[in-house]
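Engineer: Using the sequences provided together with the hints, build the complete structure.
2 protein chains.
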Amino acid sequence: MSGLRARQKADRHRRIIEAAAALFREAGYEGAKIEAIAAQAEVSIGTIYNYYQNKGDILGAIVSMEVNEVLNAGRGVVANPPANVGDALDTLLGIYIEHSLHYLSKEMWRQAMAISTQMPDSPFGQAYTGLDRSLTDQIRALIARLQEIDLVRQDIDSSALGELIFNNMNMMFIEFVKRDEARIPTLRAAIRRQNRILVAAIGV
Amino acid sequence: MSGLRARQKADRHRRIIEAAAALFREAGYEGAKIEAIAAQAEVSIGTIYNYYQNKGDILGAIVSMEVNEVLNAGRGVVANPPANVGDALDTLLGIYIEHSLHYLSKEMWRQAMAISTQMPDSPFGQAYTGLDRSLTDQIRALIARLQEIDLVRQDIDSSALGELIFNNMNMMFIEFVKRDEARIPTLRAAIRRQNRILVAAIGV
DNA sequence: TTCTAAAATTGAGTCAATTCTGTTTTTATG
DNA sequence: CATAAAAACAGAATTGACTCAATTTTAGAA
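Read top to bottom, the protein sequences are chains R and S.
In short: position in the first sequence from 1, add 1, done, that's our numbering.
In short: position in the second sequence from 1, add 1, done, that's our numbering.
I should point out that these hints are in silico values taken from the structure, not numbers from a laboratory.
Incorrect hints may have been included.
You can't tell identical chains apart in this list, so a pair holds if it fits in one copy or across any two.
[What the hints assert, rightly or not] The list that follows gives simulated cross-link-like pairs (lysine-lysine, DSS-like), each with its CA atoms no further than 27 Å apart: (1) 34 with 107; (2) 10 with 34; (3) 107 with 56; (4) 34 with 56; (5) 107 with 10; (6) 56 with 10.
Structural biologist: Here is the structure:
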């Protein structure tokens, strides 16, 4: 039986995350004061810091949920990719990008990215690096899969290529969240244009 | 004649930057308190905020100097590139990377990058985006130059390719500054490995 | 049921960036 | 040279993230 203490703990975790997510959306990351999050979650300031090391870690928990959903959605594409290289890449990266603003606003992404480079050794910093790595690995897996079914040349270094594709997408995504007026279709088109060079180079 | 006011202004600018650069190096960005920078520069706290909107902008001024030096050094390579594509790229990107830790520590880079994504519309945020763009344009110029001398196929989209190469290098550089133990030669080798795929694809 | 150690909560206090409001210095004008 | 407007300066006050010592709650042994 899950003791009272464990249940209360889980409940408080949930309340803090929900309060923070709501306030981050409403007021932005900086605008959401810890005091307000505490009040809305009906805990004290001290308790929040008992659960999360700092404000960034709260945002980190939300980012992790979002990225894990995306990774999950990506698995289907890797298992069963479209029958040409360009479409396969576009489909997988498309899933990443289309999902990206589901729970997180651009401002929240900006903060999350900033924190992850600012404090790479904090719990969230490490988690974020891990998420990037998982996405890279998924792209690598797609390339390897395409090699298996002979859509990509066998002599291609799939590991290096996967990282190259991820890095380019990620950098484009960073620029995308930095500009509020940037739009998803434009971003996808730009990434496709760059990947076209690769697609031409690696097809059998 | 440059009035007294203008001269004092330039002098104070210089003193603030010098004090900040020294303290950032000694104590790190967070460790360098504004109060200490003000004391060392022999101005008041208020004056610092009269010259720079926030602490990040002071760091920004230092980063700009560094990147501008790098851009300058890069011009020579674009004007007179090595006679094969792989070496040409390696030489230009090598200059960027080897220069990168001249004035700035990894910790300063982390802070600078973080601020530029966190506040893309602040003076420094915009300047940083501009610097990234200048570097991208320089890589594009190199590709175009290589096309002129027939080392790169004419049908390659040099603009998209230049951006792709920059994005990949930049992302690798971000990961590099996030890990204190990462070394420059390893970074350069990883980038070369990725670019090899491209080099094979675009050569005549 | 009662008691005690461990775990968790609380919120007033600390610290440092940034803002704000008078004061001083510089410049331009008669 | 006197003076008023403009610009720059100073540092006390504000603000908000985070800490820590005191208090409360829970688990489980007697």
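Engineer: Now tell me, hint by hint, if it's right for this structure.
Structural biologist: Do the hints match the structure? See the list:
For the identical chains of this complex, residue 34 and residue 107 are intra-copy neighbours only, at 19 Å inside a copy versus 30 Å across copies, given an alpha-carbon limit of 27 Å. Taking identical chains as interchangeable, the C-alpha atoms of residue 10 and residue 34 lie at most 27 Å apart only when both belong to the same chain, with a minimum of 22 Å there against 37 Å between chains. Taking the shortest Cα distances, residue 107 and residue 56 sit within 27 Å of each other both inside one copy (17 Å) and across copies (24 Å). For the identical chains of this complex, residue 34 and residue 56 are neighbours both inside a copy (9 Å) and across copies (21 Å), given an alpha-carbon limit of 27 Å.
With identical chains, the CA atoms of residue 107 and residue 10 are never at most 27 Å apart, being 30 Å at best within one copy and 38 Å at best between copies. Taking CA atoms no more than 27 Å apart as the test, residue 56 paired with residue 10 passes inside one copy only; the shortest distance there is 18 Å, against 38 Å between copies.
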